[in-house]
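Visitor: The lines below spell out each chain.
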Amino acid sequence: MAFLSGAPLDLERLIAGVEAPDRGAVASFLGRVRDHHAGRRVLRLEYSAYTPMAEAECARIVSEAESRWPVRVALEHRIGALDIGDAAVAIAAAGAHRDEAFDACRFVIEEVKRRVPIWKKESYADGSVKWVGAGGALVGDEPVGSAGS
Amino acid sequence: MPSPTTQIVNVRVLLFASFAERLGLEAVRVSLPALATVADALDHVRSLPGGERIPPRPLCAVNLTHAALDTPLSEGDEVALLPPLAGG
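If you're matching them up, the sequences are chains W and F in order.
Counting in the working numbering, the first sequence runs from 1 upward without gaps.
Counting in the working numbering, the second sequence runs from 1 upward without gaps.
Read the hints as simulated data drawn from the structure, not as lab findings.
For each residue, glycine too, the CB sits at the ideal point set by N, CA and C.
Check before you lean on any hint, since a few could be wrong.
Derived coverage of chain F by chain W (criterion: at least 3 residues anywhere in the stretch with Cβ under 8 Å from a Cβ of chain W; other residues may be distant) [to be verified]:
no.	segment
1	22–33
2	43–50
3	61–70
Here are some of the chain W residues that sit facing chain F, going by a computed Cβ distance under 10 Å [said to hold, decoys possible]:
no.	residue
4	LEU9
5	ARG13
6	SER48
7	ALA49
8	MET53
9	ALA56
10	ARG114
11	PRO117
12	ILE118
13	TRP119
14	LYS120
15	LYS130
16	TRP131
17	GLY133
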């Protein structure tokens, strides 16, 4: 399965891919492009990725969630040029009960933000553009994904 | 045992997003002495024109997996220098 998509995300399709008669709870998360960042008005943005590693890291995150909780997880992240309101990331986690569905869904979005090599370049209303780094970004002496933490 | 100085490790270093723009490069081939680490590959890239604009301890990966700076390198490894992540 490809986790990165150049086409609009379809959360309903992700949900359909994980639901089953014995999974009574489906938790989902949809991250959309915001119209502001650090007090500046954002017009559009572009996501780029280190594609083979991003795919591998997404697969590891989904696998970790599915081994930690009794759930099935679907994940997709958009790549390329996006407008305000476009879905950037979609996650669906289905399990027998809500606790594992919510917990797995939350785990996946937090790990995506922490580990998956994706970058975004924002275009602002004043004509400027900027690569945006997550607050509290990782530094090189704190490797992730290998310690099982 | 042959002297380590006679052995060379050839790796490819990939740059992304703001790092690629700062150096005007997306990939660099680097030859390092045997027993070299990710930090040695990073030092080489930071010595290139524009390389001083790469931070001293960026997030790094080797062969598609996050890796610490002291990770030893082998012939043919793909090293990646990763600007602060912004997915999600």
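Visitor: Can you give the numbers of the hints that this structure goes against, from lowest to highest?
Guide: When the structure is compared with the hints, numbers 1, 2, 4 and 5 turn out to be violated.
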